[in-house]
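**Student:** Go by the hints and put chain B onto chain A.
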Amino acid sequence: MREPVVRGAGLVAALAYAAVIAWLYATQPQTVAQMTGGLASVVGAYQIDQQAFDDGLRFFRAGQFDEARAALARADAAERDARTQFYIAYAFYRQGWGRLYHDDALFAKGLAAVDKAIALAPAGRLVVDDADLQMRSADELRAELQRGLTREPSDFNPLKVFRTRK
Amino acid sequence: MSAVREAIVLPLLFLTIALLAGARIGAQVALVPPSLFSLILATMLIAALVRGGAFAPERLLHASRSTVANANGAVVLFALFLATAQILAMLTPATGLPLLFVDIFLFVTLLNTLVAMPDRVRLLRSLAVTLISALLLKFVVLASLSAPAASRTSRLLAALFDAATFGSITQDAQSPAAGYLAFAAIAMYLVALALLQPPGSPGSRPPRDELEAASGMQSLGA
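Protein chains in written order, with my numbering: chain A, 1 to 166; chain B, 1001 to 1222.
If you are wondering where the hints come from, they were derived from the structure by calculation, not from laboratory data. This list has only true hints and no planted wrong ones.
Between beta-carbon pairs, the in silico distance windows are:
(1) Arg58/A to Arg1155/B: 48 to 58 Å
(2) Leu1036/B to Ala131/A: 50 to 60 Å
(3) Arg125/A to Pro1033/B: 29 to 39 Å
(4) Ala45/A to Ala1094/B: 29 to 39 Å
(5) Val43/A to Val1032/B: 21 to 31 Å
(6) Asp49/A to Ser1002/B: 43 to 53 Å
(7) Asp155/A to Thr1153/B: 44 to 54 Å
(8) Ala19/A to Ala1128/B: 23 to 33 Å
Pulled from the structure, derived: some chain A residues nowhere near chain B, Cβ distances all over 12 Å:
(9) Ser41
(10) Gln51
(11) Phe59
(12) Phe65
(13) Arg74
(14) Ala77
(15) Trp97
(16) Asp130
(17) Leu149
(18) Pro153
(19) Asp155
(20) Arg165
(21) Lys166
Backbone N, C-alpha and C define an ideal beta-carbon position, used for all residues, glycine too.
If we strip away everything but chain A, and leave its shape as in the complex, we get (with noise of 0.2 Å):
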């Protein structure tokens, strides 16, 4: 092989592993799934399990927000889309919703999956045209599991008990 063909291919590998290893250190994936769908979305080859998601939408529809979330975690094994993190959230907040007080740690998990939502967006902004919603957009569900998180005094309102879960 001629030599400037053997040193033009090992700069392009050497830049192309080098590119990688610098993604790595940025995005620090846990598992095999997140590393492959990471770098799947990095060339915009990424996809969710379709099935996975529908069968996900049909729990968090009927209420079985442990089934949902397992269904759309499978779904986006990657995390790497933003609607299947969106609708994680989501079932986070409807299953630590309460009339009398909030579950904080299904709200705090419902608000990293919504910043991970977010963070996937294009442009940051996310909106998920569902007729079931009351909150489309990631910003609202942000800001009611942020809410629900916060001590305020609003919090002793008696008239609170009245209030409906979006």
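**Tutor:** Below, chain B alone, put in the same frame as chain A:
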């Protein structure tokens, strides 16, 4: 140095070392960038390699070489620096007095190497001893002191040791895989350093034994 070695083998080897040495295996795997001090130590180590004849940068970057060849050389230089910094960061304990002592140990050892100007073979031997010593200290001695104790007696002894040293010695518990990974990274690093400048290649200094033998023969002849 052959084109394959310079363009493919060395960059991929050094980048792999940088990746392996940057991995911290705990409850989660984290990739940690090198500390500022490890960058300084890496600069000193590379200077020692140049002075000792184990690495000749002018053979990688020179006006007489083609643009692509110089680009290959620049990649090797960058990858060597990154791998060296990550190896030194990997061998440094994370916290407490061990961090301070190992940093001082590495600094003084590298400074001594830089000043002593050993030939290539002695430099690589000395570097191997330094790296293996630091590996043993962090991944064997400190890891055994910091490992979760199995029995009640060992837990009591560990608690007493921790109290006596004000918690300044023990480190966060490490996964057993971390030591193996560190050993692999160091072995690869030493192999890659040996490949940087094969003995007898233009620019490498002959071993001191040969120089001394040659000067002895000259004096005999005189």
